[in-house]
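Novice: The chain contents come next:
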Amino acid sequence: MSAYKHILIVDDSPTSRMIIERCVQMCGLEPQHFYHAENGIDALGILSESTEIDLIITDINMPKMDGQTFVRLIKNRDETRTIPVIITSSIADSSFEPEMSKLGVLAVVKKPVSPEKLVGPLGVEQ
Amino acid sequence: MKDTFQREKAAQILQECISSVLADMAFMDALPNTSPETPQDNKERLNASIDILTPLSCNLEISTSRLLCKRIVDILYFDTEETIKHKLAEDTLLELLNIIAGQFLSSYFGQGADIQLELPRLVYIQDDRNKETAVQVSMNVEEELFIATLSSVRYRY
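Taken in sequence, the protein lines are chains A and B.
The numbering of the first sequence is my numbering, which starts it at 1 and goes up by one.
The numbering of the second sequence is my numbering, which starts it at 127 and goes up by one.
What the hints contain is simulated information worked out from the structure, not anything from laboratory work.
Quick reminder that beta carbons are idealized off the backbone N, C-alpha and C, glycines included.
DSSO-like cross-link-like pairs, simulated, lysine-lysine; straight-line CA separation at most 30 Å: (1) B:K257 / A:K64; (2) A:K110 / B:K213; (3) A:K117 / B:K213; (4) B:K196 / A:K64; (5) B:K211 / A:K110; (6) B:K135 / A:K110; (7) B:K211 / A:K5; (8) B:K211 / A:K117; (9) B:K135 / A:K117; (10) B:K211 / A:K64; (11) B:K196 / A:K110.
Restraint-style ranges between C-beta atoms, simulated for each label pair: (12) A:E21 / B:F153: 12 to 22 Å; (13) B:Q242 / A:R77: 21 to 31 Å; (14) A:E21 / B:E208: 13 to 23 Å; (15) A:F34 / B:I201: 16 to 26 Å.
Take the sequences, apply the hints, and build the full model.
Specialist: Structure representation (structure tokens):
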């Protein structure tokens with residue numbers, strides 16, 4: 001049974017958001033709701049309106065507010081610091097990973113995202 | 127320190143990245159194009175471009191037919207209404223470019239490289255005036271031409 005019921009996906013590409021949503025479902029998770037945001041600012045807006053979100057999957061390279069800035073902000077706020085975060089990125093072993101790891105990000109998943117790459121970070125039994 | 131940009135290495139890596147990304151995302155085979163065919167004027171093409179900031183300063187552009195993009199959309203969005211799918215071809219191309227660019231740079235420069243990309247964008251009017259092509263690869267993706275061009279390469283140091 002899925003531990004994550006309300007998942008926020010943050011990515012400026014609708015294609016990417018759809019792929020991530022589908023991959024999460026293919027991992028066997030059955031969230032009640034997927035929330036979508038195009039950038040960090042939109043994501044902060046959704047987080048301010050909903051206290052139910054229990055997982056965030058965010059891209060790094062986005063307009064208006066990038067993923068790094070977004071993660072720094074939410075990890076420094078009492079109301080959002082404990083929400084698990086998975087980062088997606090087209091760049092492998094990027095220079096932002098050590099900082100993200102210190103902030104407690106679950107994993108950095110390299111794009112293209114696949115169910116196999118999400119299984120571990122989501123804590124799903126294979 | 128000034129490195130020499132290795133064009134042959136870059137071309138090979140770029141080909142491999144295109145093949146890998148199209149296989150993983152769209153389950154399509156991308157092979158080096160051996161035909162002398164050039165893009166046909168009567169076939170609508172979509173072009174997307176991304177500026178690379180570090181460690182190279184350059185531009186990567188991809189060009190393919192709208193038909194191929196639509197096929198990719200059909201695969202990715204197999205359970206989506208046609209009216210919604212119609213709008214997604216361009217975004218799909220942008221996301222392909224984003225991933226290809228990231229993989230190419232990660233493969234070319236190796237682990238730990240400080241890589242920074244701009245956001246990908248669509249190109250509606252070609253302006254080659256100030257571009258110096260460093261590498262161009264032409265791929266055959268299910269009988270459609272897929273061209274990637276790396277241009278205006280400068281090292282930041």
